[in-house]
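Undergrad: Next come the chains, spelled out residue by residue.
There are 4 protein chains.
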Amino acid sequence: MSPTQTNSEAKNDAGEHGYSPEKDAYLKRMKRIEGQARGITKMIEDDKYCIDILTQISALSGALQSVAIELLDEHINHCVLNAAKSGNDDEAAVKIKEATDAINRLVRS
Amino acid sequence: MSPTQTNSEAKNDAGEHGYSPEKDAYLKRMKRIEGQARGITKMIEDDKYCIDILTQISALSGALQSVAIELLDEHINHCVLNAAKSGNDDEAAVKIKEATDAINRLVRS
Amino acid sequence: MSPTQTNSEAKNDAGEHGYSPEKDAYLKRMKRIEGQARGITKMIEDDKYCIDILTQISALSGALQSVAIELLDEHINHCVLNAAKSGNDDEAAVKIKEATDAINRLVRS
Amino acid sequence: MSPTQTNSEAKNDAGEHGYSPEKDAYLKRMKRIEGQARGITKMIEDDKYCIDILTQISALSGALQSVAIELLDEHINHCVLNAAKSGNDDEAAVKIKEATDAINRLVRS
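The listed protein sequences correspond, in order, to chains B, V, E and G. Here the first sequence stands for residues 1 to 109, numbered as in this note's numbering. Here the second sequence stands for residues 1001 to 1109, numbered as in this note's numbering. Here the third sequence stands for residues 2001 to 2109, numbered as in this note's numbering. Here the fourth sequence stands for residues 3001 to 3109, numbered as in this note's numbering.
You may find that some hints are simply not true.
As the list claims (entries may be wrong) - Not everything, but these chain G residues come out facing chain E in the computed CB check (under 7 Å):
no.: 1; residue: I3033
no.: 2; residue: M3043
no.: 3; residue: L3106
For the record, the hints were derived by calculation from the structure and aren't laboratory data. Quick caveat: nothing in here was measured; it's all calculated off a predicted structure. Cβ coordinates follow ideal geometry from the N, Cα and C atoms, glycine included.
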């Protein structure tokens, strides 16, 4: 691990996360979200009615929020719990702080 | 216009909307949003850390909300105002109702 | 009107706004919202379970958002439309800008 | 404990929660939030400009969200961690599910 590597990059080395068992399902949902984004671009290209575009943006936003909330759930169920169970209170505290900051960004985005 | 055609489909015929003068700028922003979505998919494929994925989801959500709020602004500035100025109060009322419903969906998505 | 008076203070002089005809209904809803806030304070005083408190906070948030969205709707239906109909395009533009900024704050609050 | 008592009512018996050490600070913040709600009611009574009322509603919403996010943080730091450390995996799972549901309601309220 190089000295410039960030904390979260270090974690990527492991390549095993809370969401890993559901990775295929997440990839499928993200592919659908990519399709929704392309659909919105196409609506603008085709001069569709602005309110109809807004409806699709809300649908895409909702789909993204669902993915985010499930990722958070996996983060707490795995990263936080594993740290807690291994008696590593400092690491558990760091991971909970990361979760809370992520919730804060989500609620306000 | 066939009797089964919806109100908003009828409007698409015109092909001229509040956002039309800025169409290229919107398309550029949507292309960037599509890229952000693909980036998130890639992060999951590459087993990136869940909190880093959540940060990107919030960024994408924020970018989408900005597009939505500007589209709403154009809708009010054009569709609503034009109806009001032409003395078509019923159409203005319909268009304001559409805007309010869209805001409601945005706030809750 | 004194030179230091802000635009919105000036408008308060009129004492007549889009929401005025529904003023009693809004006051009733705000009284209920005040009661919800006091209820949450009481839950904390009584050491209620944090998740139950969060449920009540979401309910209060939702009630507030509904009031906000209806106020916005009245703003567009009255302040914006009246400016547009009277041919005062600059004032209409200012009022739409105010509405868009308010939507932006709402979506991100 | 009576058979009709809910899970969360049962927890209230303990009277000791994650937020307990900060109870006074939370009560102070809730009192300020109650004051903000009364201020908004007064603005409507006094026929203040709708956009100014919306600004205050966003401020109140933001204050509520901050309280909610800190309560969630305490919930994870205490209720979830304690269950995890005591090896009570089922209870930890229940408490994480409660947290995720609360986040979901918050994000969409």
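Undergrad: Identify whether the interface hint at M3043 (chain G) stands, where standing means a beta carbon of chain E within less than 7 Å of its own.
TA: Status violated, d = 9 Å.
Undergrad: Would you settle whether the hint for I3033 (chain G) is holds or violated, based on the nearest Cβ-Cβ distance to chain E being less than 7 Å?
TA: 5 Å, holds
Undergrad: Close enough to count: is the Cβ of L3106 (chain G) nearer than 7 Å to one in chain E?
TA: Check passed: Cβ of L3106 (chain G) comes within 6 Å of chain E, closer than 7 Å.
Checked against the numbered hints given earlier, this structure breaks only hint 2.
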